[in-house]
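Protein chains: 2
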Amino acid sequence: MSLTESEWFTEIWKDQTAFSVRYSKKLFDRVSEFQRIEIFQTEGMGRVLILGGCFMVTEKDSFIYHEMLVHPAMSVLSDARRVLVIGGGDGGAVTEIVKYPEVESVTLCEIDPMVVQSCLDYFPEISAGLSDSRAQVVNDDGAAYVARFEDEFDLVLVDSTDPVGPGAALFERTFYDAIKRSLRKGGVAVLQTESPLLMEKEFVKAVTDLREVFGRPAVRPYLATVPSYPGGLWSFTFCSRDVDPVGQAPSDPRLARGDLQYYTPAVRRAAFALPAFVERLIE
Amino acid sequence: MSLTESEWFTEIWKDQTAFSVRYSKKLFDRVSEFQRIEIFQTEGMGRVLILGGCFMVTEKDSFIYHEMLVHPAMSVLSDARRVLVIGGGDGGAVTEIVKYPEVESVTLCEIDPMVVQSCLDYFPEISAGLSDSRAQVVNDDGAAYVARFEDEFDLVLVDSTDPVGPGAALFERTFYDAIKRSLRKGGVAVLQTESPLLMEKEFVKAVTDLREVFGRPAVRPYLATVPSYPGGLWSFTFCSRDVDPVGQAPSDPRLARGDLQYYTPAVRRAAFALPAFVERLIE
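Keeping their order, the protein sequence lines are chains A and B. As numbered in my numbering, residues 788 to 1070 make up the first sequence, in order. As numbered in my numbering, residues 788 to 1070 make up the second sequence, in order.
These are computed hints drawn from the structure, not numbers from a lab. Mixed in with the good hints there might be a few duds.
One copy or any two copies: either way a pair holds, since identical chains are not told apart in the list.
Stated by the list, open to error - Simulated pairs of lysine-lysine, DSBU-like, Cα-Cα distance not exceeding 35 angstroms: (1) 992 - 801; (2) 992 - 812; (3) 988 - 801; (4) 972 - 812; (5) 801 - 972; (6) 967 - 813; (7) 812 - 801; (8) 813 - 972; (9) 972 - 886; (10) 812 - 967.
Since we're looking at a predicted model, the values are computed, not measured.
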């Protein structure tokens, strides 16, 4: 069966596999200084944000990505006051972060202001945290921005696109060095590090480079399933010299309010149990 | 971008989402008594088996499904001698089961002999276990077949298609009753129970019906990621009144040989940590 171009949006992965959604309406389609931005209304995945032809956010499954980027780290940090999110212009990560009352400031450094504005317009629930008084948006290159800070942040999150186009600088070793310098003692960095199943080279390179920067035992990849991303099995990497992401978390009770859809303390610990082939990739 | 019908195979899920693979060659395309069977050679996913238009097996990711169907149960059963697999004509589950020396017999009850033969021909590694001397293939209706036994099997695995067409009978409450009767004391049943993300009604119905048959505490859903299945996040349900799937497993050391790609004892325990939305679906 073939899909008609007029009704389906398709992301093709390396001319090998493709994921498609049927849409009822194209809501937004503009080319910013950095990339093409498209937003579709779909029945199967709700509203969908496409950057540079790739699925970034869907109302159906992005809660998995945003919760698993933010809560494993936030729930084990006992007092995270200053947080930096690099990329993540949809605001979903910030929305999760402002659920913690101890946070004093969260800065979103997104290079493309049109991504932020289009998400404020079309994904009001996902971007809701951007209107919190503790949140500020900076439109700058994330790698250059974080390099200005030393001993500043309790948590740095890297919510990047794939390592092509505007996201490429966020997979460089010099960027990882800058993140490490920007962290306060006891701080944590969490980066999205691609799919270990379909993008194993990118995953292995990220973990290897992060180990060189943070030290091998400080670097802990973990997984969640994000159906709209190629490969579905998605990795994040938790980097900290001081904080154990798998132990009992002082902060977990704060999240017992039932407003999360994916994260639980047990899910956090489970996410670090890597399948055998992933363990072997990074042995 | 649109996909050409001549080079891509596409599975469309409820006219809402679609997953596609580009193929270099169509290796097999026949209509059996039960369904259309297609096999493609692809670069992205290796060889791919399609039953009734749905992805069943890919060389790239089926190890996840087969290992997670079989090993969580086999590794916690200390002496599983007699095993029944219902469905699973690709032989992948049997191939995992015959890795255990204590198994005396494993019966594959697959309704469609053309599925078995085409997998023997085109997926020799996945179906390799079918040539083990302890394995036998029965071509029969799985629901009718299992109803003939009482107090017979240590493990019954249900490796079904979706609950339409030939797979529909394998989602009936009477079938679950028959499985329970066929088990020996201390026996375990594991069933594939669809995606809790895209097929939540089917998942909830299966878990609810299994709880009525086996008793609520005996029924434990668990998850793995199978990228080529709709929704990616796939569920299995472990049913046993006697065996705890999350505790320490006597048999785990047998699997330390390094021939598994996904399963580890830690992955088994982690698979039972359900995301919050899945917990709520089956509260």
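Checked hints:
With identical chains, the CA atoms of residue 992 and residue 801 are at most 35 angstroms apart within one copy only, with a shortest distance of 19 angstroms there and 38 angstroms across copies. Taking identical chains as interchangeable, the C-alpha atoms of residue 992 and residue 812 lie at most 35 angstroms apart only when they sit on different chains, with a minimum of 33 angstroms there against 39 angstroms within one chain. Taking identical chains as interchangeable, the C-alpha atoms of residue 988 and residue 801 lie at most 35 angstroms apart whether they share a chain (14 angstroms) or sit on different chains (34 angstroms). When the C-alpha separation of residue 972 and residue 812 is checked against a cutoff of 35 angstroms, the pair qualifies neither within a copy, at 48 angstroms, nor between copies, at 56 angstroms.
Taking the shortest Cα distances, residue 801 and residue 972 never come within 35 angstroms of each other, neither inside one copy (41 angstroms) nor across copies (51 angstroms). For the homomeric pair residue 967 and residue 813, neither the shortest alpha-carbon distance inside one copy (41 angstroms) nor that between copies (51 angstroms) is at most 35 angstroms. Taking the closest pair of Cα atoms, residue 812 and residue 801 come within 35 angstroms of each other both inside a single copy (27 angstroms) and across two copies (18 angstroms). Proximity of residue 813 to residue 972 under the C-alpha cut-off of 35 angstroms is found in neither arrangement, the shortest distances being 46 angstroms within a copy and 58 angstroms between copies.
In this assembly of identical chains, residue 972 and residue 886 lie within 35 angstroms of each other by CA distance solely inside one copy; the values are 23 angstroms within and 48 angstroms between copies. When the C-alpha separation of residue 812 and residue 967 is checked against a cutoff of 35 angstroms, the pair qualifies neither within a copy, at 43 angstroms, nor between copies, at 49 angstroms.
Consistency with the previously given hints fails for numbers 4, 5, 6, 8, 10, ordered from lowest to highest.
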